[in-house]
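Enquirer: The lines below spell out each chain.
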Amino acid sequence: MARVVAAVDVGGTFTDLVAVDEITGRLYKVKTRSTPQRPEEGFLDAVKKLLENFSPNDFELIIHVNTIGTNLFRGQLALKMPAVSLVTTKGFRDVVEIGRQNRPELYNIFYRRPEPIVPRERRFEVSERVDGKGVVLKEVDERELESLAEEMEKIGTESVAICFLNSYLNPVNEKRAKEVLSRRLKALIFTSYEVDPEYREYERTSTTVVNAALAPVVSRYIASVRQGLDGLGVTCPVQIMSSAGGLVDVDEAVNRPVACIESGPAAGVIGAAKVAEAIGLKRVISFDMGGTTAKAGVVVDGLPATVPEMEVGGRVHMGRIIKGSGYPVRFPSIDLAEVSAGGGTIIQVSKTGGLQVGPLSAGADPGPACYGMSGEEPTITDANHLLGRVEHLLGGEMKLNTVLAEKAMEKVAKQLGQTLVETSWSSLVLANLHMARAVHIVTLERGLDPTEFTLVAFGGAGPMHAAELAEQIGISKIVIPPSPGLFSSLGLLMTDMKYSYVKGYVKIISKDDEEKIEQTYREIEAYAVSQLSRKVALKDYRIVRTIDLRYLGQGYEIEVGAPHPFKLEEVFTKFEELHSSTYGYKHVGEKIESTALRVYVIIPTRRQTLPKTYNQRGNAAKSVRRVFFRDGFMESPVLWRESLETGYEAEGPLVIEEYDSTTVVPPDWRIHVEDNGCMVMKR
Amino acid sequence: MSLPYEVVKHSLLYISEEMGVALRKSAFSPNIRERADHSCAILDWSGRLIGQAEHIPVHIGSLPHGLKNTLAYLEKKGVEMSPGDMYVLNDPYIAGTHLNDITTIRPIFYRGELVAYVANKAHHVDVGGIDPSSISIRAETLLQEGIVIPPVKLMKENKIMEDVVDILRNNTRIPDITLGDLRAQIAANLIGEKKLLDLIDKVSLPVFREAVEQIIEKTNQLVRQEVAQLPWGRAVAEDFLELDDRDLVIKAEVEVGSHGFRVNFAGTDRQVNKPLNAVLGVTIAATTYTIRTLLGPDILLNEGFTETLSIHAPEGTLVNPVKPAPVAAGNLETSQRIVDTIYKALSEIIHDRIPAASTGSMNNLMMGGTHPETGRAWAFYETIGGGGGARPGMDGVDGIHCHMTNTLNTPIEVIEHYYPVLFMSYRFRDGSGGVGRWRGGMGIERSLKALAPLHVAVMGDRSRHRPWGLKGGGEGAPSEYLIKKANGTIIKLSSKDVATLNPGDTLIIRTAGGGGYGRIEK
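Residue numbers (the working numbering), protein chains in the order written: chain A, 1 to 683; chain B, 1 to 522.
If you are wondering where the hints come from, they were derived from the structure by calculation, not from laboratory data.
Check each hint, because a few of them may be wrong.
[Claimed, not checked] Here are some, though not all, of the chain B residues that point toward chain A, as calculated from beta-carbon distances under 10 Å:
1) 236
2) 237
3) 238
4) 294
5) 297
6) 343
7) 355
8) 437
[What the hints assert, rightly or not] Which chain B residues stay away from chain A? Per the calculated CB distances, all over 12 Å, these:
9) 162
10) 163
11) 166
12) 407
[Unchecked claim] Derived CB-CB ranges, DEER-like:
13) A:151 to B:521: 27 to 37 Å
14) A:507 to B:217: 52 to 62 Å
15) B:273 to A:556: 38 to 48 Å
16) B:197 to A:38: 50 to 60 Å
17) A:633 to B:197: 51 to 61 Å
18) A:142 to B:352: 26 to 36 Å
19) B:112 to A:416: 47 to 57 Å
20) A:120 to B:521: 43 to 53 Å
21) B:393 to A:38: 33 to 43 Å
22) B:204 to A:416: 53 to 63 Å
23) A:630 to B:217: 24 to 34 Å
24) A:570 to B:494: 54 to 64 Å
25) B:197 to A:23: 54 to 64 Å
It should be emphasised that the depicted structure is a prediction, and the values quoted were computed from it without experimental measurement.
No residue lacks a Cβ here, since even glycine has one placed at the ideal position from N, Cα and C.
Pulled out of the complex, with its shape left as it was, chain B reads as follows:
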């Protein structure tokens, strides 16, 4: 007698969690070890997601897409996966996010037979490119965003391919940290493999396969039951991204019906020669995330669910660009706007559980320079939370990461210990939440003074198009990016900008507040 379904289901969750713990705890960069900007997953023999640790939505949603592309790529090249292999890639048009996210994939063989893959994706602070931290509005093609790694072997017969590692070493500003993080990624996959093989040993291979089919099938049934309870209908909405003085349009037609969910991005603007293009993997991840939030907590994010969701993203647009368009901010900013646009449409179909717009940006900050004490190059990356959109019956959450990201902040004491900066503030922005029956969450002010010359780049949004309210609620305060020079003059940056700070100059970032919900009763 056996009960494979539950044993396998729980074990897969446990294993992906344990992979995540291993990756984070042995990583070198503050971005991973302090902010947890990584995700781990287990995929079955045909590349279907079967286990994931709940880390970063944009990673998780894009991993199955990335694996399928990778397998297709390798097949075209005539590469056959063998036991002891591990693959590495970051090509966004294959892996599905941006160059900073390096993916490692380990095929799992059980008695010579390919039975699964374990994979993880981690955001590396620097992979080369035109500016430190590799995310820059100055990039006009993918090649200016850093090194592009197609799927190549990182391990063969369980030995690390040092020549591949050397290529990476020579294409980053911070080789020690990059390689330390890569090792942590390898370790996480190896831990995942060991535990997965233990599991298959315990339940037997046929039982494992059967259980996987059941997990997917049962998720599908559950989603269909929930869809039956939702109001059905169709609505169209559009929202905007800011690029210089231009407004880029994201348009989505959303339909909820007996078939499940349909999202069509026809009408979205063409791709641009700035890094706001979201590769298809990101668009899939953002759409999947948004729809997932409509469903109950028991739904697993696997094919049983994604099968009920059809996505149409026309080629050559912001939501499905063609190589070599630059993409670094696609999964940071465009992904957030995709979420907003779908919610806006949904708010006309489902009336009691759609939130107003949240801060709408990951408020990315990139810094780098030469460390005055060591003389070595340094690079730093972080994202800043903002105001959550107000919900029916609840205020929005103040100063928190919304939607497509969920990374932790970097402790100020860590940054000040390692880098030549001094923080001036980290606090809520009073009055920044949109007014309403329920108010939007407050944005954050984070500001820092340069102690040595340093290069900064900001990648934000919602400085003109403020986060919208719903049902009569007001808009959230717009974001602001300022430099206060040592002599007191203030320079206003655009939401996507680069600048040089001299010692004594202060960078001030104020993130947007969330939109309000409902009219204020007079």
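Excised from the complex, chain A in its bound form:
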């Protein structure tokens, strides 16, 4: 008898499955090729492989992450954009295409806007109007909508987005329009009020349209996954990771697919949050450095930081999405800044004759030159190798080729008139600078002081760069979790279920509103609980309340945690502290306006501990090799992580190898092995 919880991550190239048998605590790993045309096949292949070890009844839960959403909007895959129609207030059907009317590239006269998801001929206007105070000026005309339904049917419509001006204040016209259309039209219909009940018409319309476009694709996909699993005899529930970093059931994923667009990378931050909890850290930065990119996220008091808005299909510039380059989606998602800096990132000479690291990547194929897979460009991994930081991968199964690394790096070093070591070290410093930038976006720009944080470093290359990155930022404590290379997938197994609910609440608030707000919170909570208890066993759960606040007149809100019962003074104090740390000043006594009340229902997973993942290999012999640090090469002991006992302590310089990663401990840093399997580095 076994009890299996499996996490399936369907990525662009590979589908990864990580499973834990909760009875034995053993961990299983399966990798299959993704099948972009029919993504469910890769998913089911992976499950089939796992079934070689288990019977279908052993499955207790399957957790799922996919990139269908992002792929659909990047247009990379053969996924076809569904026929979506949009219904708007008369006079405003082009709002969704005009966007914010800016151009993302200032000096590019050959700029092209992203193709609209709903082309002009599918955008319909109806006469209705609600004013800026929420008063209905004109009700919807049923006959107009009925004939519209006919027309939409004629042109073929799989799903419909309804977005009227000011519906965030009063949704009655949207509701009525949906009722009428539902009677006449066989299509999925979404109102902006249900999907994203907040102000700013373009962002709300875009979110609703993205939701409408995803819904048919996601529901078909989920249905075929379910069917396939049932065919294999696996009847356990499937839960989907949302962008906000919690699990949701398949109903939610189908009704609000915008909630699950960008879920893959969030798993690492969830893992970091669990590490923080296990060690008792209040503030951690999750730093995930893999083959092509590095990602930074933040966890404060056990909660991963989220941002209220993102753009799908957009391009990234200096770690931040370029506004206007994609399709905005307003749904809380884990705050991640991503920069092109990974092991495979290419080092080259820029047009101006300087050293340039990224954004090109050699990826997994051909990979870094030292892999010997015919990669000819020098990469960050080659630089690390030439500096003695990494000798081999996969616990020695894959040797790195020094001659090829030298040959590749030589091309760049020669043009710069530098030695191989100089160019290699400079490349690492530059890569660290880019990564520090990512960390600054999720900390400094959100009003958090990164020097007060602990860095949780993982991904294949994370522990190799962590110390110097920490120095660059001013951090003095690092945690390296067990199995850094596999840590993101482990994060999935440790994720809680999390549902979010929001209610727009635009009002200048004072002491008099305390009761009304408390009551509104209770209403949202009662609604949430009644909705949820219909589909999950609601026994142990936690409710987190937040409120979006700003000074009257400002355009950007700060999400502030709110107590239970609601206390105005407390949230005002928190708001002013946050404002002050973000912008360097506060306006005491200035009027404060709320814009939204948010409620998160969190149902904790039982899997609280970090799974032990080591292949027992026995003690590897200790060796010594020359490793380059800031001040030059130093003789550094090389240890095998599994052979380190709990409580082991040592000072750098030091290299600690393990199957899926290598930790570099520079001089001035000390390392300590904790009883939960984490290594803690301090300076």
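Got chain A sorted already, so can you dock chain B onto it with the hints?
Expert: For chain B alone, coordinates are given in the frame of chain A:
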């Protein structure tokens, strides 16, 4: 061992970006917080631009010019900058744009030595003057456009000079918002200073200085390489701005050659007693922008680049007026026409990468009045996009901000929540793009109904002289500014006009489409 060049180069970009984020997120006016009508920059010890966030071309291009003028002004006054100072100004003849753009400058001292400046410029909705939002065709001198602030101390020993702030407070229709935005500007400079000092601490001062020299030198080399690849030649063009029934001429002779670029505005009309005069800072910004678009994406906008560009703008003309000529629309409208004129000339030299004329205006809308619920004064400013010019091989972009501006629109739901107006439309103007092998982008129609008496001012152009096509492409549709009275009668406004709307009256603005490119094949 160090690698100062790349570290410093990237850090400077990052720091200016972070300044911009801070400014925008803590600002009070929809114009800055929603539309991002602001820019941030870092300048070196001698006032050379070394870091900028890509915000608004007309701001960025004028900042180094403004800083140099400011330093010269302070020197003449015998004012010596000290640590803890911050300066504020908006005098267009010094700062280089118009009165609405308030510039704040913070000198950065490292161990007592002046090493750099951080600065930002933000468009304030109202700085006084004859009409709300301070941009009005009625202004006949600078003094009618609002308060003129010469470079004065806004901070001394890190304390805000409240008496200076009080002068500003008493010279705007919306003091709360103006002061909120000013605070955001101060915060942005302080954040920039902190990060810049961290950077210098990390790399050391001599290394920082050396890296700055290298950044400029390398940009210069790169520009020269690119110039060598361009076709060389010389051409002259002229284009027009509309003022009542008059056509004001902008004329430019453009030369591309081994030296780089030369632009000579001789032949441009004399300055006028209407706010269409573009101060020299604006002319520099517009010329710099246009030339910059010919070059690859790696070129930084610093002295290494601007050194290859020589600009001659005769004094007393529309492109280099003498005080106190009014200037509010110089950087809104005249700047756009400067771009068009230079492109027109360039199209005869470089044949495969010059676009047809775009909408050619920022289509400025100013509104204000007394709020019926609060009884308080309000003022609102926004700009409206238009049709992009068709490009060789590509249609023009529909309804977008072109060339010298890149502000966002104001969400209709924000405007309707705060001000007594109701929007009737915001959509593309069908058929407004110029015809051609590639068609011009469509203009925009934006219309709103007054719910209370309100004063409006429009500042646009291209209502007679339509955006031109290239290589046989057709012209874009002209702009239109109309009032539909509550009783249904239509009143046609000129492209630069003021009017009063009574409740029920609707203002309709239709912006010009872009010109087409290439003959239609029959």
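Enquirer: All hints, please: hold or fail.
Expert: Structure-based check of all given hints:
1. 236: Since chain A brings no Cβ nearer than about 22 Å to residue 236 of chain B, farther than 10 Å, the hint is violated.
2. 237: 17 Å, violated
3. 238: Result: violated, 21 Å to nearest chain A Cβ.
4. 294: 9 Å, holds
5. 297: Interface hint status for residue 297 of chain B: holds (7 Å vs cutoff 10 Å).
6. 343: 9 Å, holds
7. 355: This interface hint holds because 5 Å falls under the 10 Å limit.
8. 437: At about 16 Å, which exceeds the 10 Å cut-off, the nearest Cβ of chain A leaves the hint on residue 437 of chain B violated.
9. 162: 14 Å, holds
10. 163: 19 Å, holds
11. 166: About 17 Å separates residue 166 of chain B from the closest Cβ of chain A, which puts it past 12 Å; holds.
12. 407: Violated, since 7 Å does not exceed 12 Å.
13. A:151 to B:521: 27 to 37 Å: 34 Å, holds
14. A:507 to B:217: 52 to 62 Å: 56 Å, holds
15. B:273 to A:556: 38 to 48 Å: 41 Å, holds
16. B:197 to A:38: 50 to 60 Å: 56 Å, holds
17. A:633 to B:197: 51 to 61 Å: 33 Å, violated
18. A:142 to B:352: 26 to 36 Å: For residue 142 of chain A and residue 352 of chain B the Cβ distance comes to about 55 Å; the hint is violated.
19. B:112 to A:416: 47 to 57 Å: About 35 Å separates the Cβ atoms of residue 112 of chain B and residue 416 of chain A, which means 47 to 57 Å is violated.
20. A:120 to B:521: 43 to 53 Å: Once the Cβ atoms are compared, 25 Å apart, the range 43 to 53 Å for residue 521 of chain B and residue 120 of chain A is violated.
21. B:393 to A:38: 33 to 43 Å: 36 Å, holds
22. B:204 to A:416: 53 to 63 Å: Because 21 Å falls outside the window, the suggested range is violated.
23. A:630 to B:217: 24 to 34 Å: 27 Å, holds
24. A:570 to B:494: 54 to 64 Å: 56 Å, holds
25. B:197 to A:23: 54 to 64 Å: Given range 54 to 64 Å: holds, Cβ gap about 58 Å.
The structure is inconsistent with the numbered hints 1, 2, 3, 8, 12, 17, 18, 19, 20 and 22, although it conforms to all the rest.
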